[in-house]
Structures are given as C-alpha cells and as structure tokens.
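Enquirer: Can you build the whole structure from these sequences, using the hints too?
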Amino acid sequence: MSLRCFDLTTTDTAQQKNCEWRLSIYGRSPQEWDLLAKWVVNNKLYSHNVRWLIQVPRLYDVYKANGSVNTFEDIVNNLFRPLFEVTKNPQSHPELHIFLQRVVGFDTVDDESKVERRIYKKYPYPRLWSESQSPPYSYWVYYTYANMASLNHWRQKRGFNTFVFRPHSGEAGDTDHLTSAYLTGHSISHGILLRKVPALQYLFYLKQIGIAMSPLSNNALFLAYERNPLPEFFKIGLNVSLSTDDPLQFHFTKEPLLEEYSVAAHIYKMPQSSLAELARNSVIQSGFEMEVKRHWLGHEWYLPGAAGNDINKTNVPNIRLAFRHQTLLEELDLIYNRSAKPQERGLEGQVPTTDVIAALAMEKR
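Numbering-wise, the sequence shown is residues 1 to 365 according to our numbering.
Because the hints were derived from the structure by calculation, they are not lab data.
Hints should not be assumed to be uniformly reliable.
What the hints assert, rightly or not - In silico BS3-like pairs for lysine-lysine, Cα to Cα no more than 27 Å straight-line:
hint, residue 1, residue 2
1, K235, K17
2, K114, K313
3, K88, K122
4, K254, K207
5, K88, K269
6, K254, K269
7, K313, K207
8, K235, K269
9, K88, K121
10, K235, K313
11, K196, K157
12, K17, K196
13, K44, K293
14, K121, K196
15, K293, K235
16, K313, K269
17, K17, K38
18, K157, K88
19, K38, K114
20, K313, K254
21, K114, K44
Expert: In structure tokens:
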C-alpha cells in the first residue's frame, strides 16, 4: 500500500491532514474487487479524511509465467468487468458499490527502469497478446485509460462518481512514458525525467498537468535529493506538489508528509509562501470532492490566478498567483499568435486546465 497525503492548513489540529491511500488490484482474478471491497466495508476502513486510489501493478509477465492469465485481455477483463457490472446493477456487487464511492482514481505502477523490448511495429489487440513478456508502458496506459473513459461516461450518466487516471510516470526508464501519461493522465506521480525533455516539460506547463513529487523516495532509489528538479519545476510554474511515497520504507518519522515539507524547506530554502503554494497545489490535484476543496481553499478555488485564491484559507499571496497566471497566458498567446479569442479557449482571461474543466462539470451537476 502506498500513501499519498496532503497538508491542510487549519487551526483544528485533529483535522490537519487528508490522505489518499493506494490499494492494489492485480487483475489476476475477477474476484479481487469483491474481496477488497468486503475487506474495506466489513471492517469499516473508511474515514472522512481518506480517499482511495486503485493502483494496478504492471506484472503481466509474472502472471503469464505462473498460469494466472493466458492473454492480456484476461487482465483487462478482471480489472474492468466487475466495475461495469456494478455500474449497471449496484445490487450485483453491493459492497463494491459502496467502496467505489470513496475511490477517486486509478494508478499504474512498476519499475519503470525495466527495459522494454519493442517486438511489434503495430501492437496486437489484448486478446492476441499472448507473449511471455509484458506489454510496454504505453500499451498498459492506453487500455487503462480507454476503459476508464467508457466506464466514466456510463457512471456519469447514472449519477455515480467518476474516476481520474493518475499514473506513476517519469520516475526512471524511457522518457516516452511521460508522453503516454501526458496524453492520458489527469496528473502524474514523480515526473523527474521531465528535466531531460524540455519540450515535454513545456507541454506539461502549458496544460498545468499535476505532478506529485516525492524527493525523499527519489533520493533513496534514483536521484540524489539536491539534484531533484522539484525546486526548478516550481520556479518555472509547473503544477507540482509534495507527496509521500512508501513512507514506511523511505521515511523516519510518524509524520512522513511533514518530513517531506520540512526537508524541502531546509534543503531548497523555500519560504512559507512557497510551502503554502505547494500545499494548495496538492489539494487541487487531489480527488476530494468539490465541497471539501471549497472548505479548504475557498468557494471558487478552481478559477486560475488570484480569482480562485482565498488568501485567508491558503496563505498564498494573490500577487504570486496572478503573476503565474499572467505568465501562462502570455505563453499561450505566443503559441496561438493572438489568433484565438479568450472565449475560444473556454473562459475569458482564464486557461481551461483539467482542474477547471472538472470543477465546472461538477458545478453543473
């Protein structure tokens, strides 16, 4: 289980922290969802301060070797068929229906440094993928995203909560992973390889795709703390936040998220205003409901720039967010060459980022 927490500045010390915990679904059996849901619901493992993310380990080669699956289609079916069934008829999986109300998204995880052999010019459909080796990152990401899109469309029509895709990407390995995540993800985890691909870094900036970074975890596995691009990304204006990653393994205190913030403050010499902005970003990137975000950030938190900032709640200076947004608008004007009117970009004087679009959709409902 991986832990993602974000700080919430409040005088109520008992409610300072909300968490998004990750639970694994492997795709080896269609019964996994019901077993997990019954474990959570029957043991009352839920809290107002906790939401769940489902992480899918990319271990097809292991399952194929031990005979758990025959083709990649088996994994896709095991992952998504129960979700479509419970969306069609909640009584078919009652515990799963309850559990999904606290699930906010999906993640896909594995060691990205593994070498991917490109044996196909055009990849086959999942039902035809019977190779012993695992499909590449882009294959996993596409079929996860495609099935989530169909599932979300149906769940929205039925009035159920929907999910976002927030994969691990750019921690190590091929930089092409970041391209796949850019095309499919609402936000990503890690993203440290963006420092090697300026063009992709610029695209992530223009779309303000969230990047939840864990420098202490990266320091233990892939990249020395002082070389982590977090402070540079933050100065540039990328939508970055601090998060924990496997805190039982990489942290040394009972407050792993506070540990991340305190080390970043000392090593990167970040002022309080920067720490407050990182905390604000983490709340925006999270999957918590509109009402919760309004409680912590302000009624119109989803509006870019100073318009969406309640300084009494966030402690982030309005002038800082106004400057960031104005800079982003100027970059977009350079690309559009001032040919597109602001209204054609969605909102006058605002950038329709994924968070803005999602928030407006929630408003309409």
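Enquirer: Against each hint, give a clear statement of whether it holds in the structure.
Expert: Verification of the hints:
1. K235 <-> K17: holds, 25 Å
2. K114 <-> K313: violated, 43 Å
3. K88 <-> K122: violated, 34 Å
4. K254 <-> K207: Status violated; Cα separation ~35 Å.
5. K88 <-> K269: Roughly 52 Å separates the two Cα atoms, so the pair is violated.
6. K254 <-> K269: Measuring from Cα to Cα gives roughly 23 Å; hence the hint holds.
7. K313 <-> K207: holds, 25 Å
8. K235 <-> K269: holds, 13 Å
9. K88 <-> K121: This hinted pair is violated, its Cα atoms lying about 37 Å apart.
10. K235 <-> K313: holds, 22 Å
11. K196 <-> K157: Not satisfied, since the Cα-Cα distance of roughly 41 Å exceeds 27 Å.
12. K17 <-> K196: Status violated; Cα separation ~33 Å.
13. K44 <-> K293: holds, 24 Å
14. K121 <-> K196: Distance of about 26 Å is within 27 Å: holds.
15. K293 <-> K235: Holds. K293 to K235 sits at ~24 Å (cutoff 27 Å).
16. K313 <-> K269: holds, 23 Å
17. K17 <-> K38: holds, 26 Å
18. K157 <-> K88: holds, 11 Å
19. K38 <-> K114: The hint is violated at about 34 Å.
20. K313 <-> K254: Holds, at about 26 Å.
21. K114 <-> K44: violated, 38 Å
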